[in-house]
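Chemist: These are the residues of each chain, in order.
Protein chains: 4
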Amino acid sequence: MKIAMLGSGFIGRFYADSLQGYRSKDKIVSVYSRREESARKFAEDYHCAHWTTDLEASIAHPDVEIVCISLPNHKHEEAVLLCCKHKKAVMTTKPLGRNGAEAKRMLEAVENAGIFNGYLEDLVYTPKFLKAHESVKNGALGRILWAKSRETHPGPHSDWFWDLEQAGGGCILDLGCHCVEIARTYIGKDIKPIEVMCWADTQVKPIEAEDHAIGLVKYENGAIGQFEVSWTFRGGLDLRDEVMGTEGTIWTNSFLRTGFDMFTTGKGADYIAEKAETNSGWLFPVGDELNELGYNHMFMDMFNSLEAGRAPKETFYDGYVVNCILDAAYRSAKSKQWEPVLLDVWRGREGVTSQSHLLSYDADHYLVKEEMTHYGAKKIILKHKETGKITEKVLSE
Amino acid sequence: MKIAMLGSGFIGRFYADSLQGYRSKDKIVSVYSRREESARKFAEDYHCAHWTTDLEASIAHPDVEIVCISLPNHKHEEAVLLCCKHKKAVMTTKPLGRNGAEAKRMLEAVENAGIFNGYLEDLVYTPKFLKAHESVKNGALGRILWAKSRETHPGPHSDWFWDLEQAGGGCILDLGCHCVEIARTYIGKDIKPIEVMCWADTQVKPIEAEDHAIGLVKYENGAIGQFEVSWTFRGGLDLRDEVMGTEGTIWTNSFLRTGFDMFTTGKGADYIAEKAETNSGWLFPVGDELNELGYNHMFMDMFNSLEAGRAPKETFYDGYVVNCILDAAYRSAKSKQWEPVLLDVWRGREGVTSQSHLLSYDADHYLVKEEMTHYGAKKIILKHKETGKITEKVLSE
Amino acid sequence: MKIAMLGSGFIGRFYADSLQGYRSKDKIVSVYSRREESARKFAEDYHCAHWTTDLEASIAHPDVEIVCISLPNHKHEEAVLLCCKHKKAVMTTKPLGRNGAEAKRMLEAVENAGIFNGYLEDLVYTPKFLKAHESVKNGALGRILWAKSRETHPGPHSDWFWDLEQAGGGCILDLGCHCVEIARTYIGKDIKPIEVMCWADTQVKPIEAEDHAIGLVKYENGAIGQFEVSWTFRGGLDLRDEVMGTEGTIWTNSFLRTGFDMFTTGKGADYIAEKAETNSGWLFPVGDELNELGYNHMFMDMFNSLEAGRAPKETFYDGYVVNCILDAAYRSAKSKQWEPVLLDVWRGREGVTSQSHLLSYDADHYLVKEEMTHYGAKKIILKHKETGKITEKVLSE
Amino acid sequence: MKIAMLGSGFIGRFYADSLQGYRSKDKIVSVYSRREESARKFAEDYHCAHWTTDLEASIAHPDVEIVCISLPNHKHEEAVLLCCKHKKAVMTTKPLGRNGAEAKRMLEAVENAGIFNGYLEDLVYTPKFLKAHESVKNGALGRILWAKSRETHPGPHSDWFWDLEQAGGGCILDLGCHCVEIARTYIGKDIKPIEVMCWADTQVKPIEAEDHAIGLVKYENGAIGQFEVSWTFRGGLDLRDEVMGTEGTIWTNSFLRTGFDMFTTGKGADYIAEKAETNSGWLFPVGDELNELGYNHMFMDMFNSLEAGRAPKETFYDGYVVNCILDAAYRSAKSKQWEPVLLDVWRGREGVTSQSHLLSYDADHYLVKEEMTHYGAKKIILKHKETGKITEKVLSE
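Protein chains in written order, with my numbering: chain A, 1 to 397; chain B, 1 to 397; chain C, 1 to 397; chain D, 1 to 397.
Isolated chain A (complex conformation):
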């Protein structure tokens, strides 16, 4: 696959490492950056034939088969529209837009243009997520009740993130977009998100946007998604998910506790551990960051899908749904009440209520709980179906 990379910053380089490293047949053939020196440096580092400071020139370049947008948030729409104009397949870094309206315009544009569109939500492509999601789909956890995703770290790497106008939001938009899609995928992408409650504050940083937020997303079937995001966390990159069902639970830690512990006095060498806040003491490196963060499996899905003529797992439509959920979160943070998710376009199921899942113990009773006592006897707690009376009885073994 021949790729145009738009943007040469932190995330562009991360993508490039994965794009050129994983499937050995993919190649970045053009790179665009606002700044000439950045474009040239990137082209050198990744051996790109063409570099430019003209956005359209990169997209329109005849060799380019797919465009990878790694630009600041406020530049996504312009780039997407140019891809539509030139009928180039496009994939865009997260979040899709700064808000639902912007996302919707991009969604409609690519669908009207009939071009391939991929939404680069890497964290639903991590090896752990893929395997965990498979277990969830197979029913190992029963009916899903709650899914939480937490992403916190000491703040992003580039200046534009901290500027409300360019970024469109703070850590809710930057990190919450990951968390929302993770929880939504566990709960079921065909289940409608109904309303959001969110707290957000600027607790530490000298910025307009929020640097810490916690939100709850209620789905039509009664399941709850939860996100915890912050740019004020100290200790590295905290990336943990939990999902809870009627038959089990899954906990994943993608970064700080992955079975790799290192202690170093720091005396031995200049070695600096990646993303860690310190380079001495106990450190927790990740073996293969690109793979652990999902980049490899994400681009594989994008390219395989494009080659097979089908939509990838994550499309602009997913990006749009995420933006609409985050919009509700921002509204809730201000109104201090649950806010509805306003989805003009909904392609999933409707009317999925939280079904009754009561377990009958006998003709007259529901089973509340069954357990072993301290003394090895079996105890059951029952509720009478009509009177509602709760009783317990200890079974002789």
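There's no promise every hint is true.
Remember, identical chains collapse to one label, so a pair may be satisfied in a single copy or spanning two.
[Claimed, not checked] Simulated pairs of lysine-lysine, BS3-like, Cα-Cα distance not exceeding 25 angstroms:
1) Lys267 - Lys378
2) Lys336 - Lys218
3) Lys389 - Lys75
4) Lys192 - Lys104
5) Lys393 - Lys41
6) Lys2 - Lys27
7) Lys75 - Lys85
8) Lys334 - Lys192
9) Lys336 - Lys192
10) Lys75 - Lys379
11) Lys41 - Lys379
12) Lys218 - Lys334
13) Lys313 - Lys25
14) Lys25 - Lys2
15) Lys189 - Lys104
These aren't lab readings, by the way, just hints derived from the structure by calculation.
We have chain A; now place chains B, C and D onto it with these hints.
Modeler: Frame of chain A, contents of chains B, C and D only:
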């Protein structure tokens, strides 16, 4: 110390194991239970001289120096009033009342009677909490921004918990009382809790009360307490806290991951692992449950305080504040908006605002972030104090 | 219990914290130290009525009921003999002697004198060990095949440890004594240790004694004990055990990973984490060090046993066996071959061979292994009882 | 790259998943199996154009550029010699031979034939190992003192492993080959392994070969490699490494604790967790097994090296050294003493002694240890350079 134990159920036995096991000079001299057989069995097991089914008889027993209330929630008030009548020191299991009004009546009663009153919130006495709290007080985490406590398990052991009238609530009251006091202690017990947002639902169990809830408690200084509670969790007793400050973070796990892993095929023996849902496969026992859950250090504080004539760390006043916070949580779960914490009695500080903590980089700029780049250079992101403009610069080494 | 504490150094203070902190009725009434200022300081800190620089004066003090020896290794024998002379109950820190001969003299002395004798091997009294050992005894792991104990840290606190004459050895004697008794207890204290193979070296420190060693202890029933000890480990105190049986395994970590993680920039305060090598970055504190290291349960067993007129779980006899095993380790490190454990006194079972535990699958075959294949089918690997031929067959489901 | 796969069993399929999955341009064009049905089934599953039960036919097939040997141990040599005859590049699964003599013949054959030769030791290619090894090379741990690798599980999947003649050995050969190369790589592949001490026993299985072994490998510079291997472990696949240096330590866990925890009642579905012994309770899946076990990075190195005309990181020479070390282990298990590693061919450094690394504190003293006391004071322990006397002094702050 000579103790009357009111209640002979699960928690009464847990307390008794700690009370008589830890300080070898303490003794339960009387036990009360509603049911004669339970009272007699408990008296036998713990070698109590006196047992009775008459509540007042136990409290009034001449040998009794302190009364330990381990009764269902709806029986606390009656027992407390009898302690007041007989001027006996009293300590009560959590929660103090079923709501703030009940708690306030108990608080006023013991204070008017002038008797020693202890609130048995064991989870702020666990060895891990005590050490972690010490670090927090010493400033190792800087200014506290957020404190979360999670307690979830597959549901309580006795029938009355599942009956809304007797219990006064579901998992919010049963488990949230722990979580709220943990977060409140990390944030500072003199900082006023202002308002609460809470989601609650009955997702699984055939009961009136909530079996799953998540809540946020906002404090006057801008810090946030969070509780996650459930009676629907599968996998054992999940007891985890996290606290995050401007200079660090602490994570504690008190039950499921404490450095003790066991795999057993279950073939070898009838061994049943405590509180685990299974007795084969990977199990995570706790070394010394009474100590890890804080019972030992809690009773030591109670008795040492009583002997020294001072208030213990946790008094009825703390129980009252917790009940008021939980009342707001219940209101919020219904109103779907933030609800104020109604505290008729407030003994902490007032008017503690979230101070400005902006860090100046130079005369004209605030420091947003300082970090090491991939290439080992130091990068700083600044905000102009007047224009608000965000810029970044890379420092030569 | 009224105690004389001999020695006022690091371990003496640790013991005193536990002795006076746990059972509130025990009291150190006399303290001996070589140096007047140390004795006086200790007496002040722990409110001891009597202090002295005369060893016998402390032991003979009329108030003293039991003597706690916390002296350097080369001073144990002298102190023990004085306890015998004055018929005082005695408990001695580990190792009992510098070698088996010294240990045997002490063993015979206390037994001839008929005094209570306890061996202060705290690490078989940790809450985790007690619970794990209970599971092992209950058969949860089946027949025990291997038990390993690892204790490594950056080196001991007092000067005499580093002096071969006073200490009698390096990390094998200092740390290996713990590890050997842990493995021996898991395998069975009535099973005879037969021979030892040990590697030892002085890899880092400018000392005569070994600073790193690994040893294997073979027991009569074929089980293997393993110790890994070092004074050169960087990263804190590493205290991990593993035990493996035919039906399961147990892993315990008593210090560095116990469900308590803290990150701190170190900016916030002068806080210094206990025993950690640093006071910033990721730290792993222990909640209640005295309890986690077994001191509380050890002294409880000592005093309860003394009061009940029975031998404690760990006596001088155990210390003697440990010393004999370590003697063989030292011989092996020199001879570079397995060395027999020379036990003049053996009170356990004899002739316990490693029994045959072959599992018959049918009349003609032993079962080698049974497993699930990738494809969900059940596969069994068999060995013919006569021909010895190995075959596999896949069972239809 | 066009590949002939020799062998269609467990490991052949694992390799094939990685070979065809990772670099999208590589393809298995021919497969050989002893049994027709296996060859045909494999060819179908992996879309191979050619299958055969004639070993030479597969190797000689004109499309084949490189041969991948995934045969039982006793078939390696024959296959290698055929590759030499047909001048085909070859890579062989581990261990290279059943012993050093066999390995040496293969080594000489490929070198005389001048063909590319790769040794498929995947565990030095795991993402964690690669990153950890990089830190070690950068000096983050200082001088390496000890490196341990542990691989234990409930026994291999195919019948031939259990047959001493075909396999050439038990778990030492099967698993020890991994462990030895891991430790050797951490310590330095140019450092000569000198001698080995090994314990081995058949504790559980009805076989001739050992099912449990522990060994120490001494290197010329004084560093120690350690292996712990077993086919009797219960609990899954235990794959842990530790490396210890003068300035730090690294612990990796590649399988059972990688930040992915799942609890399931097993009620929800037929889901079977990979390689776990159970399918309910707490399970510890691995996200991306092929990547975590090093297959992807291993084959990438093989193909990139072949394309670039250079030797891969692991060649037949490494396989030969490993075999010679394991030979010494087998001899030691019988002789019960340290046995020399007999290396006819040694290509690393000679005469690397364990240098003196004593740290001077001042003109007269070596520094033994520096530490913080309980009371925050700094204490140093010194050794006089001439007298050898050990002293301690507390520094005023």
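Chemist: All hints, please: hold or fail.
Modeler: Here is what the structure says about each hint:
1. Lys267 - Lys378: Answer is between: at 19 angstroms across copies they meet the 25 angstroms cutoff, but 58 angstroms inside does not.
2. Lys336 - Lys218: both (16 angstroms within a copy, 12 angstroms between copies)
3. Lys389 - Lys75: between (61 angstroms within a copy, 19 angstroms between copies)
4. Lys192 - Lys104: Classified as within; 17 angstroms inside a copy, 43 angstroms across copies.
5. Lys393 - Lys41: Between copies only: 18 angstroms across chains, 74 angstroms inside a chain, cut-off 25 angstroms.
6. Lys2 - Lys27: Cα proximity of lysine 2 and lysine 27: in one copy and across copies (5 angstroms, 22 angstroms).
7. Lys75 - Lys85: within (16 angstroms within a copy, 61 angstroms between copies)
8. Lys334 - Lys192: Both. Shortest intra-copy (23 angstroms) and inter-copy (22 angstroms) distances satisfy the 25 angstroms Cα cut-off.
9. Lys336 - Lys192: Both: 22 angstroms inside a chain and 19 angstroms across chains, each within 25 angstroms.
10. Lys75 - Lys379: between (62 angstroms within a copy, 24 angstroms between copies)
11. Lys41 - Lys379: So lysine 41 and lysine 379 pass the 25 angstroms test across copies only (18 angstroms; inside, 70 angstroms).
12. Lys218 - Lys334: both (18 angstroms within a copy, 15 angstroms between copies)
13. Lys313 - Lys25: Result: close both inside a copy and across copies, 21 angstroms intra and 23 angstroms inter.
14. Lys25 - Lys2: both (9 angstroms within a copy, 16 angstroms between copies)
15. Lys189 - Lys104: So lysine 189 and lysine 104 pass the 25 angstroms test inside one copy only (18 angstroms; across, 47 angstroms).
Checked against the numbered hints listed earlier, the structure breaks none of them; every hint is satisfied.
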